[in-house]
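Peer 1: Respectively, the protein sequence lines represent chains A and B. All you need for the numbering used here is the position in the first sequence, starting with 1, plus 49. All you need for the numbering used here is the position in the second sequence, starting with 1, plus 1.
To be clear, the hints were calculated from the coordinates, so they are not data collected in a lab. Don't be surprised by glycine CBs; every beta carbon is placed ideally from N, CA and C. It is possible that part of the hints are untrue.
To give an idea of the interface, some chain A residues facing chain B are shown, with a C-beta separation under 7 Å as derived from the structure [claimed, not checked]: (1) I189; (2) F205; (3) L281; (4) M311.
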Amino acid sequence: MVSLSPKRLPQPVPRLEPAEGGSSLWTDAWRRLRKNRLAVAGGIVVLALLLLCFIGPLFSQHYEEQNLDLGASPPSVSHWLGTDTLGRDLFSRLLYGGQISLSVGLIATVVALVIGVTYGATAGFAGGKTDVVMMRIVDIMYALPFTIFVILLMVFFGRNIYLLFLAIGAVEWLTMARIVRGQVLSVKRMEFIEAARTLGFGRGRIIFRHVIPNVLGPVIVYATLTIPSVMLLEAFLSFLGLGVQPPMSSLGVLIKNGADSMEEYWWLLVFPAVVFSLTLFSLNFLGDGLRDALDVRTSKD
Amino acid sequence: MLRFIGRRVLETIPVMLIIITGTFFMQRFVPGGPFTAEKAVTPEVLHNLEAYYHLNDPLWKQYTDYVWDLCPKRFHPLALRSGLDLKAAFGIDFRPSFKYPNRTVNEIIAYKLPVSLELGGWSLLVALGLGLPLGILAAVKKNTWIDYLCSSLAMTGICVPTFVLGPLLVLAFAIHTGWFEASGWYSPIDRVLPCLTLGNFYAAYIARLTRGGMIEVLSQDYIRTARAKGASEARIIFRHALRGGLLPVVSFLGPAVAGILTGSFVIETIFQIPGLGREFVDSARNRDYTLVLGTVVLYAGLIVTLNLVVDIVQVWLNPKLKFE
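Turn these sequences into a full structure, and let the hints guide you.
Peer 2: Below, the structure written as structure tokens:
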């Protein structure tokens, strides 16, 4: 490792000052995004929710703390959103449940992102027969009823939360792979890739340093839109009793519990439902805004 | 066109095989069997039970026997008139159930599937009946308050999932006003809330897709030509633009139907509807091998068939796709 190759290239200059003050793709996108009020509002709500859910529980009452004397009490000054049947404060349970739901959304999306980007980039970059075979596999997998498989997986393998991440991630990577492949196919014909190849860079380096950064736009947009759909799937499973298991809770679990006791205690259903829908709203608006800002046409609608 | 259809039909075979194989082996390799939850049985009884269900054969033989039983071996669709008997009509035998020992999976499906299909069918109608007009209206009145209203309605539909909307509707229209029953599946009026709930999400999606598709088509040259020739606005929309504008909707119908079928799991739980979706979730919990496999194969078969139909319709609408 110590011996340097004789054909060592000169060290790249850390930051090149542009010859004239142009604006990059990202600056432009940022300017367009800021003009879209709905997207900005969505972004702010998402940030606020993230902060609340991940920092809030540090200061609030513990989500498992029971107070059976309170029973299910309606919203009041001491318990802003009321308490559930075991006297647990709904607000702190919401924060904690939101934390789990958002984590599932983020982590499963990252899983989908890693699989999808690697797979799609490889297929697109390899081209030829490899590409045909790899995309054929994706086509076949698209036809599989995945929700049913995820349900079976969750029933059979003990409803483990890590399995949940994996199962959902494994479902969501397909579209990502398609998008990335399409982008790679168009980027790889461009001249700067040719230039990189002429400089003698290896395949891995070209893929990870030159191709992937240039397909990031659609990937970011699609990832933003994947998070709400992952959260939907998680809540769907939790509602069937197959997702997150007690004593942990997620927004899906809270909605399920609320629906079970809504005849007497409406607040147990309404507040989790509102928070969940609000989260989906903001993420979708943010995603749509990003898509418009980055001027991306994804294959999904 | 015939070649395209033939190729697509052949493609469904490996998909179905993957599904059957995956489900079959997955449930065999997980801990717990259909009889572990039963009250203790003597080894002799257990042995007899396993012999009855052929659980003592080598696994590969169980598998090949099962796949053979599933193969359609005859074609008498007319037999379906007297009831949903897949064995009489197509020779598909899903075997006896493990948890309901005196019933076959075929009988359970014949009894429960019509309920789920009715739920799904009405929901699809709701989805199309609400989604298409909203989408067309939004596209025609693009960037007016009508468009914004339709689009935000659609966004609301997407962000309020079935398991949120269902309980909220029950809370509002069954418990507070008492217009509907909170659960059950007896009179026609019991169909309203479940089908609205399930159809709503897809209506929202369809509205968005219709709007996008129509806007794109309406900006094309041939629409301007039609307008220049003095065609009425209604004729332009319904006669010229709709065929192209509906393309994205048609391609969404495949996933939508699959989603409506699986979405019925939740709806059937919320509204206590005796359909096949609830039976599937329960059967998976009970390790009812044959019932799980039967329902998965059935659902997969339905979804794969519908995808096939959607693909063919799509090519018929847009012949360019055939060559991709």
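Peer 1: Which hints, by number, does the structure contradict?
Peer 2: none
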